[in-house]
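Participant: These are the residues of each chain, in order.
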Amino acid sequence: MVVACIDGEMLVKRLIVEGGRYFLVAENSAYPAIELDEDRETVIWGVATHCIHGLR
Amino acid sequence: MGQVFGLIDADAFYVSCERAFRPDLEGRPVVVLSNNDGNVVARSRESKSLGITMGMPFFKARPVIEKHGVIWFSSNYTLYGDVSRRMFDTIDGFVPALEHYSIDEAFVHFDGSGRQEEDARELRRTVRRWTGIPVSVGIGPTKVLAKVAASIAKKRPEYGGVVDLFGKDVDHYLKDFDVSDLWGIGPRYARFLKSEGEGDFSQPDLWEASGLPTVLGKQRIETALELKNSPDTWVRKHLTVKGLRLVWELRGISCLPLEVFEKPRKGLCCSRSFGRPVTTVEDLGEAVAMHCARGGEKLRRQRLAASHLTVFISTSRFRERPEDVYSGAASLRLPFPTSYTPGLISAALSLLGRVYKPGFIYHKAGVFLTDVVAEAERQQSILAGIDDERRVRAMRAVDEINRRHGRNTVRPLAVGAGRGWDMRRQRVSPRYTTRLDEVLRVRAC
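Residue numbers (my numbering), protein chains in the order written: chain A, 1 to 56; chain B, 1001 to 1445.
Don't read these hints as lab results, they were simulated from the structure.
All C-beta atoms in this analysis are idealised placements derived from N, C-alpha and C, irrespective of residue type, glycine included.
Heads up, a few of these hints could be off.
What the hints assert, rightly or not - Derived CB-CB ranges, DEER-like: (1) 1279(B) / 53(A): 47 to 55 Å; (2) 1410(B) / 19(A): 53 to 61 Å; (3) 32(A) / 1393(B): 56 to 64 Å; (4) 1024(B) / 31(A): 39 to 47 Å; (5) 39(A) / 1125(B): 22 to 30 Å; (6) 37(A) / 1111(B): 41 to 49 Å; (7) 7(A) / 1242(B): 49 to 57 Å; (8) 39(A) / 1413(B): 55 to 63 Å; (9) 46(A) / 1002(B): 33 to 41 Å; (10) 1316(B) / 56(A): 54 to 62 Å; (11) 31(A) / 1125(B): 31 to 39 Å; (12) 1435(B) / 39(A): 31 to 39 Å; (13) 37(A) / 1171(B): 44 to 52 Å; (14) 1194(B) / 46(A): 31 to 39 Å.
Unchecked claim - Beyond 12 Å from chain B on every Cβ pair, some chain A residues (computed): (15) 16; (16) 18; (17) 19; (18) 21; (19) 23; (20) 35; (21) 36; (22) 39; (23) 54; (24) 56.
Use the sequences and the hints to build the structure in full.
Facilitator: Here you go:
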């Protein structure tokens, strides 16, 4: 899970690498995956390592 | 081989703090303004190249800011202080010794492995990764040379943020280094050194006796190399012993050790200019009380107590008519060293009554707490006395609540409720790292 900044917007998504291509995938399948290519300015801001919220 | 000194200096620190949480600002012109949004105090590279200068008044920079879409922030010292702490913590893990020189600079020792340049590059990458702050590193056999190296690293991107002068031919770098950019050479000394003939260059014997390559032909000192080669006696005479130390440091002889331990405080000052003109003694009183509350808190945090209190108030120095300018100060010795806020406030308000003159537009107020002693060392004479236990406990409770729930959650009534005099901060960023309700928000979908 990463926090990424895409075209100036901060998003938390799963980063998937497949055959040399990079995708940011939402856990909610209603949202399409975003492919990271040269058209998009992307900064991987950090990797999520911990969650302080109760999940239930 | 002597000690290896390093200077780690954050690039446009306040701007970098803002950018650390706003990656979208990378590559765009950004400035940070001083208290009350008065002057430009930090500029990104892009803003510098638009001609915005350090200390430029906001109103003067405004046309450029609007024309080029420069992003501006009010200063957010809570954020900068915390990011600074993170930066120092990170650096501390890398080096055997560290001196906090300022909010954005640290002097360090590198170990004597001879790999200081690689270490510095690794350190630079790590600070960037862990804190988001870009830093430049200068390395040398003395503090002054480390500082020279760091400013070369900043100015010349081709060095990749690290310049190592240790064991190098320093003269090669110093010959192009403007003497006025040296650490410790202020504008007055710079003017003196560069002014033709003003210096005592008329004693050629003195220069020759130095055995150093002289700058006799030139009659003035423009570069760091020329200063380095000046005779000791001349330097001492014109630049005092401090200047001599600087020159020796340029020659690679270390005179300024790392100051690892914080100097014990002699006193502290809490003051601030007002967000709007203040005329009444009531508003001044609220500001003074606020500064006492801050000062008391600072004293208690460091386990100190003050024996002397000064209150000062002033109008702006830039009023057109001299009769509109006024500043006054008064002080008193407290009955015993204390850090008890209500006691400081009542003393301060009585002092304010002595210095306040109606009919002026006040711009600034503050308090000095001086003659500071460590709580543990306070003399416990029957006559002198100390803060009694109940007061100490009350203050401890107030500090704890304010620490957990934010500054001023509990505050003395004398501070007032309106805070009409408070700072003007039109565009302050969230306190991302110290307030849970202001953390960075990220979209999941």
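Participant: Now tell me if each hint is right for this structure.
Facilitator: The hints, checked one at a time:
As the Cβ distance of residue 1279(B) to residue 53(A) is approximately 50 Å, the hint placing it in 47 to 55 Å holds. The hint said 53 to 61 Å for the Cβ distance between residue 1410(B) and residue 19(A), and at roughly 60 Å that hint holds. The hint said 56 to 64 Å for the Cβ distance between residue 32(A) and residue 1393(B), and at roughly 60 Å that hint holds. Our hint of 39 to 47 Å for residue 1024(B) and residue 31(A) is violated, since their Cβ atoms are close to 21 Å apart.
In this structure, residue 39(A) and residue 1125(B) meet the distance hint of 22 to 30 Å, their C-beta atoms being roughly 28 Å apart. Look at residue 37(A) against residue 1111(B): about 44 Å separates their beta carbons, and that is inside 41 to 49 Å. Checking the proposed 49 to 57 Å range against residue 7(A) and residue 1242(B) shows it holds: the Cβ atoms sit about 52 Å from each other. Restraint check, residue 39(A) to residue 1413(B): a C-beta distance of roughly 59 Å satisfies the suggested window 55 to 63 Å.
In this structure, residue 46(A) and residue 1002(B) meet the distance hint of 33 to 41 Å, their C-beta atoms being roughly 40 Å apart. For the hinted restraint 54 to 62 Å between residue 1316(B) and residue 56(A), the CB-CB distance of approximately 59 Å keeps it satisfied. Between residue 31(A) and residue 1125(B) the beta carbons are some 34 Å apart, a value that agrees with the proposed interval 31 to 39 Å. Evaluation of the 31 to 39 Å hint for residue 1435(B) and residue 39(A) yields a pass: the beta carbon distance comes to about 36 Å.
Taking the beta carbon of each, residue 37(A) and residue 1171(B) are about 50 Å apart, inside 44 to 52 Å as hinted. Restraint check, residue 1194(B) to residue 46(A): a C-beta distance of roughly 48 Å breaks the suggested window 31 to 39 Å. With a minimum CB-CB distance of about 16 Å to chain B, residue 16(A) clears the 12 Å threshold, and the non-interface call stands. In this structure residue 18(A) is separated from chain B by more than 12 Å, as the shortest Cβ-Cβ distance comes to about 21 Å.
Listed as a non-interface residue, residue 19(A) keeps its Cβ farther than 12 Å from every Cβ of chain B; the least gap is roughly 25 Å. Look at residue 21(A): its CB is around 21 Å from the nearest CB on chain B, clear of 12 Å, so calling it non-interface holds up. Under the 12 Å C-beta cut-off, the non-interface status given to residue 23(A) relative to chain B holds; the minimum distance is some 15 Å. For residue 35(A), the shortest C-beta to C-beta distance to chain B comes to about 17 Å, beyond the 12 Å cut-off, and the non-interface label holds.
With a least beta-carbon separation of about 14 Å from chain B, residue 36(A) lies farther than 12 Å from that chain, consistent with its non-interface assignment. Against chain B, the non-interface label of residue 39(A) holds: every CB pair exceeds 12 Å, the least being about 16 Å. The beta carbon of residue 54(A) sits about 15 Å from the closest Cβ of chain B, which is more than 12 Å, so the claim that it is off the interface holds. For residue 56(A), the shortest C-beta to C-beta distance to chain B comes to about 17 Å, beyond the 12 Å cut-off, and the non-interface label holds.
Hint violations for this structure: numbers 4 and 14, all remaining hints satisfied.
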